[in-house]
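Q: The primary structure of each chain is shown beneath.
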Amino acid sequence: MQTPLELLGGMALAIATGRIRIVDLTQTLSPDFPAIALPPEMGQCQPFRIEQISAYDERGPGWYWNNFSCGEHTGTHFDAPIHWISGRDLPNNAVDSIPPQHFIAPACVIDCSAQAAADPDYLMGVADIERFEAAHGRIPEGHWVLMRTDWARRWSQARDAVAFQNFDASGQHTPGPDTEAVRFLVERRGVLGFGTESIGTDAGQGYHLRPPYPCHSLMHGAGKYGLQCLTNLDQLPPTGALVVAAPLKIENGSGSPLRVLALVEGKA
Amino acid sequence: MTMPFIKPPRKNPVLRTPQINLPPAARGRVALGLTAAAAEGRFALQVCADCGAVQYPPREACHRCLSPELPWQPQSGAGELLATTTLAHSNDLYFRERLPWRLGMVRLDAGPSVMVHLHGEVGEAPQRVRVGARLDRAGQAVLIGYPEKGTENMADDPMLREMASDPKYRKVLVTDGKSATGQAVAHAMVKAGADLVWVGHAEPWKKLPGLAELAALPQVALVPLDVTDERSVSTLAGQIGGKVDIVVNTAELHRGFGIAARRGTDVAKAEMEVNYLGLLRLAQCFGPALKGRAADGATHATAWVNLLSIYALANFPPHGTFSASKAAALSLAQCLRAEMRAAGIRVVNVFPGPIDDEWNQNLPPPKLAPAALASAIVKALKEGVEDIYPGDVAQEWLERWRHNPKVLEREIAAGGY
Amino acid sequence: MTAYIRRRGYEGVALAVPVTVPYERYSIRGAHWFLGQAVRGLLAGSGLAKEQIDGLTVSSFSLAPDTAVGVTQHLGLSPRWLDHIPTGGASGVMALRRAARAVQCGDAEVVACVAADTNHVDSFRQTLGAFSDFARDASYPYGAGGPNSMFAFITASYMRTYGAQREDFGRIAVAQRANALCNPNALFKKPLTLDEYMTARPISDPIHLFDCVMPCAGAEAFLVMAPERARDLGLPHVLLRGAIERHNAYADDPVMLRGGWRMDCADLYAQAGFAPQDIDLLQTYDDYPVIAMMQIEDLGFCDKGEGPAFVRGHDLTHAGDFPHNTSGGQLSCGQAGAAGGFLGMTETLRQLTGQAGERGVAGSRTGLVGGFGMVTYDRCLCTGAVILETSE
Numbered sequence: 001m002q003t004p005l006e007l008l009g010g011m012a013l014a015i016a017t018g019r020i021r022i023v024d025l026t027q028t029l030s031p032d033f034p035a036i037a038l039p040p041e042m043g044q045c046q047p048f049r050i051e052q053i054s055a056y057d058e059r060g061p062g063w064y065w066n067n068f069s070c071g072e073h074t075g076t077h078f079d080a081p082i083h084w085i086s087g088r089d090l091p092n093n094a095v096d097s098i099p100p101q102h103f104i105a106p107a108c109v110i111d112c113s114a115q116a117a118a119d120p121d122y123l124m125g126v127a128d129i130e131r132f133e134a135a136h137g138r139i140p141e142g143h144w145v146l147m148r149t150d151w152a153r154r155w156s157q158a159r160d161a162v163a164f165q166n167f168d169a170s171g172q173h174t175p176g177p178d179t180e181a182v183r184f185l186v187e188r189r190g191v192l193g194f195g196t197e198s199i200g201t202d203a204g205q206g207y208h209l210r211p212p213y214p215c216h217s218l219m220h221g222a223g224k225y226g227l228q229c230l231t232n233l234d235q236l237p238p239t240g241a242l243v244v245a246a247p248l249k250i251e252n253g254s255g256s257p258l259r260v261l262a263l264v265e266g267k268a
Numbered sequence: 001m002t003m004p005f006i007k008p009p010r011k012n013p014v015l016r017t018p019q020i021n022l023p024p025a026a027r028g029r030v031a032l033g034l035t036a037a038a039a040e041g042r043f044a045l046q047v048c049a050d051c052g053a054v055q056y057p058p059r060e061a062c063h064r065c066l067s068p069e070l071p072w073q074p075q076s077g078a079g080e081l082l083a084t085t086t087l088a089h090s091n092d093l094y095f096r097e098r099l100p101w102r103l104g105m106v107r108l109d110a111g112p113s114v115m116v117h118l119h120g121e122v123g124e125a126p127q128r129v130r131v132g133a134r135l136d137r138a139g140q141a142v143l144i145g146y147p148e149k150g151t152e153n154m155a156d157d158p159m160l161r162e163m164a165s166d167p168k169y170r171k172v173l174v175t176d177g178k179s180a181t182g183q184a185v186a187h188a189m190v191k192a193g194a195d196l197v198w199v200g201h202a203e204p205w206k207k208l209p210g211l212a213e214l215a216a217l218p219q220v221a222l223v224p225l226d227v228t229d230e231r232s233v234s235t236l237a238g239q240i241g242g243k244v245d246i247v248v249n250t251a252e253l254h255r256g257f258g259i260a261a262r263r264g265t266d267v268a269k270a271e272m273e274v275n276y277l278g279l280l281r282l283a284q285c286f287g288p289a290l291k292g293r294a295a296d297g298a299t300h301a302t303a304w305v306n307l308l309s310i311y312a313l314a315n316f317p318p319h320g321t322f323s324a325s326k327a328a329a330l331s332l333a334q335c336l337r338a339e340m341r342a343a344g345i346r347v348v349n350v351f352p353g354p355i356d357d358e359w360n361q362n363l364p365p366p367k368l369a370p371a372a373l374a375s376a377i378v379k380a381l382k383e384g385v386e387d388i389y390p391g392d393v394a395q396e397w398l399e400r401w402r403h404n405p406k407v408l409e410r411e412i413a414a415g416g417y
Numbered sequence: 001m002t003a004y005i006r007r008r009g010y011e012g013v014a015l016a017v018p019v020t021v022p023y024e025r026y027s028i029r030g031a032h033w034f035l036g037q038a039v040r041g042l043l044a045g046s047g048l049a050k051e052q053i054d055g056l057t058v059s060s061f062s063l064a065p066d067t068a069v070g071v072t073q074h075l076g077l078s079p080r081w082l083d084h085i086p087t088g089g090a091s092g093v094m095a096l097r098r099a100a101r102a103v104q105c106g107d108a109e110v111v112a113c114v115a116a117d118t119n120h121v122d123s124f125r126q127t128l129g130a131f132s133d134f135a136r137d138a139s140y141p142y143g144a145g146g147p148n149s150m151f152a153f154i155t156a157s158y159m160r161t162y163g164a165q166r167e168d169f170g171r172i173a174v175a176q177r178a179n180a181l182c183n184p185n186a187l188f189k190k191p192l193t194l195d196e197y198m199t200a201r202p203i204s205d206p207i208h209l210f211d212c213v214m215p216c217a218g219a220e221a222f223l224v225m226a227p228e229r230a231r232d233l234g235l236p237h238v239l240l241r242g243a244i245e246r247h248n249a250y251a252d253d254p255v256m257l258r259g260g261w262r263m264d265c266a267d268l269y270a271q272a273g274f275a276p277q278d279i280d281l282l283q284t285y286d287d288y289p290v291i292a293m294m295q296i297e298d299l300g301f302c303d304k305g306e307g308p309a310f311v312r313g314h315d316l317t318h319a320g321d322f323p324h325n326t327s328g329g330q331l332s333c334g335q336a337g338a339a340g341g342f343l344g345m346t347e348t349l350r351q352l353t354g355q356a357g358e359r360g361v362a363g364s365r366t367g368l369v370g371g372f373g374m375v376t377y378d379r380c381l382c383t384g385a386v387i388l389e390t391s392e
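Residue numbers (our numbering), protein chains in the order written: chain A, 1 to 268; chain B, 1 to 417; chain C, 1 to 392.
Keep in mind that the hints were calculated from the coordinates and are not lab data. Possibly wrong hints are sitting among the right ones.
What the hints assert, rightly or not - Chain B stretches covered by chain A per the calculated footprint, using a threshold of three residues with CB under 8 Å from any CB of chain A:
1. 199-207
2. 257-270
3. 317-330
All residues carry an ideal CB built from backbone N, CA and C; glycine is no exception.
Work the whole structure out from these sequences, hints included.
A: Right, here's the structure in full:
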């Protein structure tokens, strides 16, 4: 039986030799990356903006660096329970108080890509979860559940902000979970949190579900977390990937952009 | 009969781009009163409050009775042309490059004799003419002798074209075509004969009505432009900046909050980011090419238009943070005007009252229709005017502000707007 | 109207020692160099020591930031009477009037009146840029880069009002060129025909090339003293018989068709006790031929509007029946800045003391010198004239 340090050493060696492969689940932060847009009457989450301080020039001859600004929920980002009114009073509900061991956790990846391709408003239901468990086993407690839709490719490959946001006169149309699926994952499986490839963990039309925005409302209300704007979920196995998702330690923060990495099986 | 201005041929890219030389720019302090009036499209002279004598050139004491009370009064400019001459030689670089150039000596009915630039439709002396004032390429007032009755194309007189920024055959950038005002401006530029109107738009996923219709016009090209994103601005400038003759900055974020009505600074910051820093980014990225092309042929780069607000002069508390952002933009626009001066690029500041759009929905009329605002902007460009206050509210606020800004501040605070 | 003080005449004033520092088209030297050479010439020509010059007037456009004051230290002079006379083409007449009063009152015994200007390649532009408030505000913006268009308006108005033709102005220029060929200091050495005058390139119509003076560097100077002093020094000299000056005359005239000489012309002749027919030579200030023609009228030699006929009917060369600008004038000598306002004075002094060589007008005893200067935006403001008579 290996000691914990020997376990870690083995893992480091496996990463170095490629036996464990790192998959980057993060979209690049850039000013073009579509930002969440609320109705004009609401306060807005700032898009990512970056301006040079200097670039080996008269402003700083030997160095290149930038100032950037964004909201806590810009780009690939983490949602903490304090983000939603239903989670406002829970203990350890902000990014700086969440127990750090929650930032490294295994993930189950539920493939809804075919359905989402056919219907941008696709709602993942309990049936989809049952179908997943029939093939891959019961979703363990404390796991991330990630909804693969390949929606990320609208940006990562097509660079099409309009298609990624997918607005029309009735609002945004992106896939997400329905209320029963969320309730099931929270109450019956005790998951760590829910992750999506689109701009919200809830579907674009989630405002019209009951309760509105059920994933935010029920997950955060139960002290669970969210991950959004993930990419490369198609490179993950249905089970077994170990996800590293550690948000910035912002005082009483509701979330932050972060680097989400998945450790999966590499070459032999 | 003035020959209509025809579209110039394409530029030969092998030849060096001519640079701008300015006409003589020095004026004494009192003479700048002429410039201040011409900047708003008026011809004014000092008229002695004590004896009524009209003064020219501008001066510190009445030439007849020595009174120091010499308020500026608008002039009709009616007068008699006494003599004409055509410059065939000049030591001044600006005029040397534009010979032959016609001048006249006019005796105004009001009294003084004045030297004028002569419009081509004015014949030989003696004859009746009408004198007006315009800003020349140096941004200073000069007097123009117009025919009493002009013909259809009189604005195309080469001397007059030098004193204005006609959009005809020019390439225009309208920085935000999403708003009703931006679209109206783009349509107006097309109607004024612009060769090409680039229409900027940010956040392409937010579809606002009218943009598709605008984009369908053959002269219009939609271009991505987010004035809050330095890279967006510099990328577009890199692509088209070298061809832009007129920039019309219509990008604006307008919310209806003062101080107490909305907690937090994020809305005010967003207004500043677009209305003030957006202007700074645009000016930094598009300014240099504009200046470099200030003498680039008959449709050279010529003007920069800023959509400000009459609230830039006096804060409108219900839209208090918006007003402050417009005041910041005004100050920066004055800086821009000073920096553009050496290049002879006209900076036009537009101070409308409330526009008839969604952000002024709760304000009672009169409100300015976007089409009327656009029309006023085109007119200002064609007439070489520098500061315009379109609409009844703007005109009234301006009058009250000039009369006594403190009184206006109090009246606004008491709800008298 | 009662005069509280009866204006004194100009008796007891003599002019002597005409000095010209040769003109150069361009010079790298400063105005002080030309001033210094002029004063040196006055000393050499009079035999006086520097300390004996106790009065000084200085006229120059290229002296800044110095004025007459700085010149005293620069040249090592300690006058007890000093005047700075920055009035260009009128400075000769105005310097003489002021120096005359100083000598008459005994405030100075020997006054040196000096005008000098250098001319660098960019002098003309620099001078014009700061010429006058009204020129800056109401004339330069219109592009002539100088007074040419303004005088074009004056010439055109004059032609239209009085029926003058370009040929009439040409006659003045051509005659002056003929005179200049006998003046070793004149910069123009080739004859000028009327045809060449007429076909020369336009500058600002109706002003063409030979209507314009050529700026250059140089100096002109003379001494003013009591006639007794001049006799004691053995200096050929002339006497001042009358002098007038006027500023901003006829201000309500829409365009200049007459000059201030007209206002005071009768007074000038009354001072001298002469009539126009008693004048043997006329030196007008010739910045443009139209102004020379106006002086012929406004100084009484013919009626207003008769200038063209007068010029057609007379021979204006030094050998003719109406010797005019016998040196060649500025149009053919060159305009050495403010020294142009002294050109007529030194020429008359030479003519009346028999020092004019080939161009001497035999038997001439009286000369009238006009002054005109300081263009603003639509006219020149200073006019003046003096009558000189030989002392024999």
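Q: Against this structure, judge whether each hint is valid.
A: Hint-by-hint comparison with the structure:
1. Under a criterion of three residues with beta carbons nearer than 8 Å to beta carbons of chain A, the stated coverage of the region 199-207 of chain B is upheld, 5 such residues being counted.
2. Closer than 8 Å: that is the beta-carbon criterion, and the region 257-270 of chain B has 4 residues meeting it against chain A, so the requirement of 3 holds.
3. Counting residues of the region 317-330 of chain B whose CB falls under 8 Å from any CB of chain A gives 0; the rule of at least 3 is not met.
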